[in-house]
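Using the sequences plus the hints, can you model the full thing?
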Amino acid sequence: MTALLEVEGLSKNFGGLQVSSDISMMLNAGDRCALIGPNGAGKTTFVNLVTGVIPPSAGTIRLDGRDVTTLSAAERVRLGLIRSFQVARLFKSMTVREHLELAVLQRDRRTFRLFANVAKVAGLADEVAGLLDSMGLTPVAHTAVGSLAYGQQRLLEIALALAMKPKVLILDEPAAGVPHSESQRILDAIDRLPKDLAVLMIEHDMDLVFRFARTIVVLAQGRLLCSGTAKEIVADPRVREVYLGSRADAH
Amino acid sequence: MTSVAERDGKGDGKAGRMTGRTPLAARRDLGWIGIPLVAAVGLAAFWLLPDDLALLTRIAASALFVLSLDLVLGYGGIATLGQAAMFGTGAYAAGIVAVNWNNDPFIMLAAGGLAGGLIALTTGALILHARGLTLLMLTIAVGQIVQEVANKARDWTGGSDGLSGIDPAPVLGMFRFDMYGRTSYLFALAVLVVGLLVARRIVRSPFGLACRGVSEDPLRISAIGGSPKSYLVVLYGVAGVFAGMAGALTAVTSGIVGLDSAGFPWSAEALVMLVLGGTGRLYGAVIGTAAFMGIHHILAASDPFHWMGFIGLFLIGIVLFLPGGIASGVERLGGLLRGPSQNNGEDRA
Chain A
1 MTALLEVEGL SKNFGGLQVS SDISMMLNAG DRCALIGPNG AGKTTFVNLV
51 TGVIPPSAGT IRLDGRDVTT LSAAERVRLG LIRSFQVARL FKSMTVREHL
101 ELAVLQRDRR TFRLFANVAK VAGLADEVAG LLDSMGLTPV AHTAVGSLAY
151 GQQRLLEIAL ALAMKPKVLI LDEPAAGVPH SESQRILDAI DRLPKDLAVL
201 MIEHDMDLVF RFARTIVVLA QGRLLCSGTA KEIVADPRVR EVYLGSRADA
251 H
Chain B
1 MTSVAERDGK GDGKAGRMTG RTPLAARRDL GWIGIPLVAA VGLAAFWLLP
51 DDLALLTRIA ASALFVLSLD LVLGYGGIAT LGQAAMFGTG AYAAGIVAVN
101 WNNDPFIMLA AGGLAGGLIA LTTGALILHA RGLTLLMLTI AVGQIVQEVA
151 NKARDWTGGS DGLSGIDPAP VLGMFRFDMY GRTSYLFALA VLVVGLLVAR
201 RIVRSPFGLA CRGVSEDPLR ISAIGGSPKS YLVVLYGVAG VFAGMAGALT
251 AVTSGIVGLD SAGFPWSAEA LVMLVLGGTG RLYGAVIGTA AFMGIHHILA
301 ASDPFHWMGF IGLFLIGIVL FLPGGIASGV ERLGGLLRGP SQNNGEDRA
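Going down the list, the sequences are from chains A and B. In terms of the UniProt record's numbering, the first sequence has 39 at position 39, counting the first letter as 1, and numbering is strictly consecutive. In terms of the UniProt record's numbering, the second sequence has 320 at position 320, counting the first letter as 1, and numbering is strictly consecutive.
Hints in this document: simulated from the structure, not taken from any laboratory. One thing to keep in mind: the hints can contain errors.
Pairs of lysine-lysine residues, derived as DSS-like cross-links and limited to a Cα-Cα distance of at most 30 Å, are as follows [as the list claims (entries may be wrong)]:
1) A:LYS231 x A:LYS195
2) A:LYS167 x A:LYS231
3) A:LYS165 x A:LYS92
4) A:LYS92 x B:LYS229
5) A:LYS167 x B:LYS152
6) A:LYS165 x A:LYS120
7) A:LYS92 x A:LYS120
8) A:LYS165 x B:LYS229
9) A:LYS92 x A:LYS167
10) B:LYS229 x A:LYS120
11) A:LYS120 x A:LYS167
12) A:LYS165 x A:LYS195
Please read these numbers as outputs of a predicted model, since none were measured by experiment.
Here's what the structure looks like:
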């Protein structure tokens with residue numbers, strides 16, 4: 001079986017500053033992997049490189065066996081590499097339902113229909129209803145996103161990503177900004193993601209990481225420090241040194 | 001979390017059931033009443049103001065032009081001061097076709113729409129990578145170029161003398177353009193209403209939804225796999241067809257096309273009318289045009305030297321007290337009459 005996402009020797013310099021160096025990792029179908037690391041470890045840069053927001057200085061990225069290193073962000077999205085944003089990035093005046101309609105229509109490339117009625121596009125209403133239901137958003141389907149609770153906006157971010165039928169889903173701090181007591185709902189939603197999906201989560205909250213991830217990748221100073229199962233990572237003295245040690249004291 | 005969700009859920013579920021549609025969509029175009037209302041008021045004006053048909057005809061044709069601007073600005077977020085480039089191109093195309101080849105009013109409209117759409121597509125593809133002020137400057141530049149080309153091509157356009165001698169054939173071979181302007185007005189009103197219907201169709205289409213997304217956050221559109229620029233170029237082209245038809249409609253009903261039809265002041269005036277009426281609503285374009293040109297007509301007769309000052313005061317008042325334009329005031333009034341549940345997600349501005 002080929003890996004769904006395969007990153008090899010990925011590097012990025014901004015001038016003389018090396019923010020990512022020689023990172024390699026792979027994700028298979030069904031993987032639940034967390035990417036952790038202290039502030040400034042290069043997690044966001046890594047996500048931007050993989051999703052095509054910025055071009056890498058060296059290295060290759062393969063999606064489902066296909067080299068996508070030179071493709072644009074939108075092209076990678078069309079091939080099934082989807083991300084959610086750290087800060088919910090939504091269309092404030094659109095309703096929850098309209099967001100999902102737009103995502104599904106865009107995925108099926110039906111957005112250049114100038115004279116079709118959105119309400120009458122075949123199969124759209126059913127699919128959107130299913131997505132709303134899967135994230136518990138049905139009661140707020142007709143609410144403009146601007147007046148939605150933040151936790152629900154995060155859920156919509158995930159629903160939006162799912163609407164695009166991803167193969168690989170990158171969740172950038174899906175519970176950021178959501179009170180700790182409410183992050184359980186986000187985690188429940190993530191638990192219900194399709195089983196064959198490869199999910200990579202970037203997260204600071206170690207409780208969330210240990211509940212979600214079966215494997216963990218640790219970045220430090222732009223390098224891959226180590227990777228392994230949650231147990232191995234906790235036991236690794238290097239990780240304790242750069243990350244967990246200081247965090248554990250802070251708790 | 002659950003308590004929040006339940007509270008939100010209950011409130012909005014109720015609103016949804018009561019209206020049977022999304023509050024946002026209802027707010028955007030007054031549901032189904034907006035366009036029939038325009039037709040009804042337009043016809044009523046035909047009987048009530050038989051001496052002002054020339055003005056009413058200008059209002060109808062201009063409203064179609066402002067409607068094209070609403071598509072671009074209200075639904076695509078494209079800041080433009082060059083929409084008259086498409087209007088003028090359409091007007092000249094219709095006039096040239098009428099003078100040289102065929103004076104059927106529908107052929108003239110088609111020629112105007114085609115020319116306006118083509119010029120919008122080509123210039124749009126060249127300038128729509130820019131945003132904000134840069135784009136504003138580029139749209140002004142396109143308008144100036146079109147005007148200058150029309151000025152230099154004297155043989156075709158009549159240059160600064162204008163293109164005259166446009167004498168459209170009877171509509172459908174039956175209704176002559178009479179000297180009282182009855183046919184002109186009814187023709188213009190009919191074209192405006194059809195334009196509104198088509199525009200509403202486009203706004204509610206998957207394409208319209210995507211354009212609203214682009215206007216709010218183009219990068220988010222890329223992140224779901226779309227190309228913001230291609231939406232904007234197609235939208236600009238579609239609006240160009242509307243603007244070109246509005247120009248052609250003016251050529252049909254007035255029989256003359258001048259250089260000012262592609263000029264900067266006409267673009268700016270259209271923007272004022274749209275802001276006055278309310279952007280992103282379609283019928284706001286009609287209200288704004290009627291209000292602006294109506295007030296202009298009344299004031300210019302009673303105080304020809306200071307009418308612009310009054311328009312300015314009126315505009316300041318609207319921007320201060322009704323930021324969403326006259327249409328938002330109408331909607332707020334309607335919301336109050338129908339009950340508080342209608343006021344969800346107000347004030348998009």
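Evaluation of the provided hints:
no., hint, result
1, A:LYS231 x A:LYS195, "holds, 22 Å"
2, A:LYS167 x A:LYS231, "holds, 27 Å"
3, A:LYS165 x A:LYS92, "holds, 23 Å"
4, A:LYS92 x B:LYS229, "holds, 20 Å"
5, A:LYS167 x B:LYS152, "violated, 58 Å"
6, A:LYS165 x A:LYS120, "holds, 21 Å"
7, A:LYS92 x A:LYS120, "holds, 24 Å"
8, A:LYS165 x B:LYS229, "holds, 24 Å"
9, A:LYS92 x A:LYS167, "holds, 27 Å"
10, B:LYS229 x A:LYS120, "holds, 26 Å"
11, A:LYS120 x A:LYS167, "holds, 28 Å"
12, A:LYS165 x A:LYS195, "holds, 13 Å"
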